[in-house]
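Participant: Listed below are the residues making up each chain.
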Amino acid sequence: MNGLALVAAGAPLLFAAGLATGRLLARRSGRDGTEPGTPVERATFRTLHTASLAAPPLRAGLTGDAARKAVRRLRPLFGTAALGLTAGDRLLAWDGPGRHHEEPALDRVRQVLATGRTQTFAVGCPDPGCPVRWGTAAPLTVDQRVLGALVVLGAGEPAPAVRAAEEVARWVSVQLELADLDRTRTGLVEAEIRALRAQISPHFVYNSLAAIASFVRTDPERARELLLEFADFARYSFRRHGEFTTLAEELRSIEQFLELVRARFGQRLEVTLRIAPEVLPVAVPFLCLQPLVENAVKHGLEESVERSRITIAAQDEGATARIVIEDNGVGMEPERLRRILNGEGGSTAGIGLRNVDERLRQVYGDDHGLVIETGVGAGMKITIRVPKYRTGVHSGPPRTAARGPDEPWRPDDR
Amino acid sequence: MNQTYGIVAVSAAIVATLVIGSTGLRISRTTSDFYVASRTVPPYLNAMAVSGEYLSAASFLGIAGLVAAQGVEMLWFPVGYAAGYLVLLVFVAAPLRRSGAYTLPDFAESRLESKAARRVAGVLVVGVGWLYLLPQLQGAGLTLGLVTGAPRWLGGVLVAAVVTLAVAAGGMRSITFVQAFQYCLKLTALLVPAVFLVIAWHGDPHPARAVDEPPAFRRHTQVTVESTVRVRLDAPLRTVVTGAVDGRAHNGGPLVLQPGVHEIRAGTTFRFPPGAPVPERESGDGRRGGASSWAAPLSGGKDDHPLYTTYGLICATFLGTMGLPHVLVRFYTNPDGRAARRTTVIVLALVGGFYLLPPLYGLLGRLYAPDLLLTGNTDAAVLVLPERLVGGVGGDLLGALIAAGACAAFLSTASGLTLSVAGVLSQDVLPSLGVRHFRPATLPAVAVPVTVSLAAGNLPVANAVGLAFAVAASSFCPLLVLGIWWRGLTAPGAVAGLLAGGGSALTAVALTIAGPLADGWAHTLLAWPAVWSVPLGFLTMILVSLATRDRIPAGTEAVMARLHLPERPAGRGAPATPRSDERMTDRRPAAHRSRP
Amino acid sequence: MGVPGTPRREVVTGAPRAPHGPARPARVYAAEPVDSLALRSLMRRQLRLGTTVFALLVGVLGLLPLAFTALPDPRVRPGSALIVWAVLGVAVYPALVVLGRWYVVGAERNERDTVDLERP
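Chains as they are written, first to last, in our numbering: chain D, 8 to 421; chain G, 664 to 1259; chain B, 92 to 211.
Hints were generated in silico from the structure; no laboratory data involved. No experiment lies behind these values; they were computed from the predicted model shown. Virtual Cβ for every residue (Gly too), placed ideally from N, Cα, C. Please note: incorrect hints may appear among the correct ones.
Said to hold, decoys possible - A short, non-exhaustive set of chain D residues, derived as facing chain B with CB atoms under 10 Å:
(1) GLY136
(2) MET339
(3) LEU344
(4) ILE347
(5) GLY350
(6) LEU360
(7) GLU365
(8) ARG368
(9) ASP373
(10) LEU377
(11) GLU380
(12) THR381
Generate the whole structure from the sequences, applying the supplied hints.
Facilitator: Next up, the structure:
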């Protein structure tokens, strides 16, 4: 019964720990947590805390949603009446009273956009209950371009608040710059995929079309089919968007590819697919198998005269899918392959392998790079392990092409 | 029961499972044959796999046993097990598939963007998995014990070993086919004997009325009581006893037991004449066996507060199904949300169809194996019926078939659970082991429930499953329902709700199993926690989320879009080529058939 | 590999990347602009359909235990026990399937309507 006693003792402990954690987590986000130290330390802590709260939404770029959240969290920093954020001269979010001063404030924002300088202005209001006496608009600058402005309206003495507004605007600018960097990083990945496509296309397109052409007289029906295969294949490979796809889609495109290769090499190529249907919906990086299969074909056919055998297998391994591509071709000297994978290959040979390896490591971590078994004349066996789930990895094509309300605003949109 | 047939049947079931699992009916073709990629698992096959994994020892043995012992009230178990899928269908199925999550921790992380939520969900998955593994191992011990005569603990350990080896060696690769096969085996193993049993029942020259009370022995019956029990008699009972009754030793002499309560020492053997009423068993904690109220609901069943108990059961099973880790991973195999929905409806039909059978076995068990009521071994009712009712070689063969089905029941559920628990252990709880160390994680995944089941002795199989459902319902039901339908859910809210709901249910379960409270409302509340722990989980999650509104994940809107908007058919996203999608799918088979 | 005469293979992997942070680049939410109006309306309709089915389930099955208490004692009227057996043992399951099927039809219709809305 010892085990039972343990369970009985452990469960309430777990429960208590849970409550404590929940409360801790809840309090961490509250504003009145116990803070240590001197008043200065407390003030610093509070400022940093507020800033850290506002940062995550801004990392999504200058969107309406992000602006709303950021403004709500930044206003306590100023203790002023109202705070607003604009993208260009479009008001994204406003927190606090004095919304009726929006138009004059936006006039000032236009000046800020034109000059890149902070504008401070007095506000006269006929409404005696309105707390707003002055306003200031500070530029949000990314890459020397003014994207928008931070608008502060308040009562009392403007001078210190103006300084603060400038500092906060600079801080927001840094966050936006980081957001831009994120976008650039994604852009880089897209560029790599584009490079891959560029690498596939020339030989393959030429060879395929030549093979198809050879059938036009002898077997027009076959030629027609191959042409459709080719079109499907091209449509997939040259699709414009999406970093990920499903294993099913990737395999479909590989089948089309192999069909086209067989048109050229006929019976010399023997391909076996052994796919567990459970893993077909797994999301994989776009074009992560095709370069490997192309590599196998090249090793098997173009450099040897024997019959070439290629096996593509995908297995279910619980939380991961294991994909193996094996050929009986000429193989490769391990040292040379190692250099290629480490980017020291120099030549363009094997750049597909390296690219796939790098992208897999980037997305899933170093544990998930290519594992290649090879030797000169020993064929090659490439193994990939893809987790069935990884944060941020989704195979679906992007949603509506129509621009949603929360799409980031960029200067070149207008 | 004929041991040779039984051993052969059980071995055959194990071998067939391992063979299908390891060699696999995987799609293995050369390219020109057909397009592999379009061959995703169709809904009916996946539904069979889900059902196969779901119908556990509790469904196969436990329900009939409970019905035999406690009557019609226990029919709520299968009803709840099936209705849980309807709740899963309407609130969870399609969005969960679209989330792309493979496990519950995956879902928590993708929805809440929080590692903490992921970890807490992981711990609870392990807890639910272990709780659910317990009755599977006990069912295994029971079945193998009956079939081979081995001691009970050995059966559980043996099955644990088989499952560990199969899972660790990667023997469950083509798991969809294995589980679909298991469903067919289980259905056949109950359906075919049921036909013969009903025919035999009809052919019985003295068919008992189904709801006759109290049950009586139909022929000379010898019963050996394995553990000390107390029985209640309403009328004098004439019997032959070898052993100790009320502290007095008897040695094969006749004895007339007077009305009242008697204590029977373990190892005592009775010989009852035909027509003798079955003594009503009284459990140690004072609960009545319920023989006098067998056919009617709520007239005094096994608990003090039958209406509350029924609602506790309904609450746990209706809402708990969506939180069972081994069920959810199967939904990943669906190609999209629509298929997930259709799969769930088919599961409803398959599971519902199966559940028509166990009550019949329970009914017949009460009529033809009443001695089990005295020994308390009612979970064995399904297994012994063919021998009692059909007899001869036919009875032995049918009994062997049932044994094979029971074996499939605990093998499939246990392997599915072990896979899920080991996956979570290796990924979230012991991440230091790394991704490639899935195999060592199998060991603790199985070892813990084996140890507990050896220590805990006899929990009624279906009851322990009910506790697992209660924990799943109080933790994962709020997480899934709120996560899918409410934008306001935050990570602190989810964590607090998971811990409050799941933690309190786990505590209640632990107290119930350890058993410091024997009686009264406190016991009932702890034994059926779902009624209060599910609202507690929901409430905590909502209130803490409202209090931490500024921590709503930034990507909530995008996640909601992914969960709810239907997937586009592949390829439609590409604007450049105006080719229709229909042709892509229609053209293929024709084109390839035309080629030799 | 085991074939005699075949040259030996060696396992090759790339060098680990320089350790710079988590594997996954930050998410870019804006990559998937969403028609939030359509989404909200779809969610509302699906939720309404789901809760309707759930309410039916709870309303019918959830009230059964109470209804059964109102049945006459089976020792007096054995027929009442048969009703319980028939309802819980048999009739519930087809009813569940019908409800489920009905939900699927409704949910798919809701989704079709949304997709039609998206692509005029």
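Participant: Decide, hint by hint, whether the structure agrees.
Facilitator: We went through each hint and held it up to the structure:
A distance limit of 10 Å between C-beta atoms decides the matter here; for GLY136/D the minimum to chain B is near 35 Å, and the interface restraint is violated. At its closest, the beta carbon of MET339/D sits 9 Å from a beta carbon of chain B; the interface hint therefore holds under the 10 Å criterion. The restraint placing LEU344/D at the interface with chain B holds, with a minimum CB-CB distance near 5 Å, inside the 10 Å limit. The beta carbon of ILE347/D is positioned within 10 Å of a beta carbon in chain B (closest approach about 9 Å), and the interface hint is therefore held.
Below 10 Å, beta-carbon pairs count as interface contacts, and GLY350/D has one with chain B at about 9 Å; its hint therefore holds. A least Cβ separation of about 9 Å between LEU360/D and chain B falls short of the 10 Å threshold, and the interface hint therefore holds. A distance limit of 10 Å between C-beta atoms decides the matter here; for GLU365/D the minimum to chain B is near 8 Å, and the interface restraint holds. Against a cut-off of 10 Å between C-beta atoms, the interface hint on ARG368/D holds, since the closest Cβ of chain B lies about 6 Å away.
Interface restraint check for ASP373/D: the shortest CB-CB distance to chain B comes to about 4 Å, inside 10 Å, so the restraint holds. The interface hint given for LEU377/D is met, as the beta carbon of that residue sits about 7 Å from the closest beta carbon of chain B, less than 10 Å. Checking GLU380/D against chain B by beta carbon gives a least distance of about 4 Å; that is within 10 Å, so the hint holds. A hinted interface residue such as THR381/D counts as satisfied when its beta carbon comes closer than 10 Å to some beta carbon of chain B; here the least separation is about 6 Å, so the hint holds.
Hint compliance for this structure: hint 1 is the single one not met.
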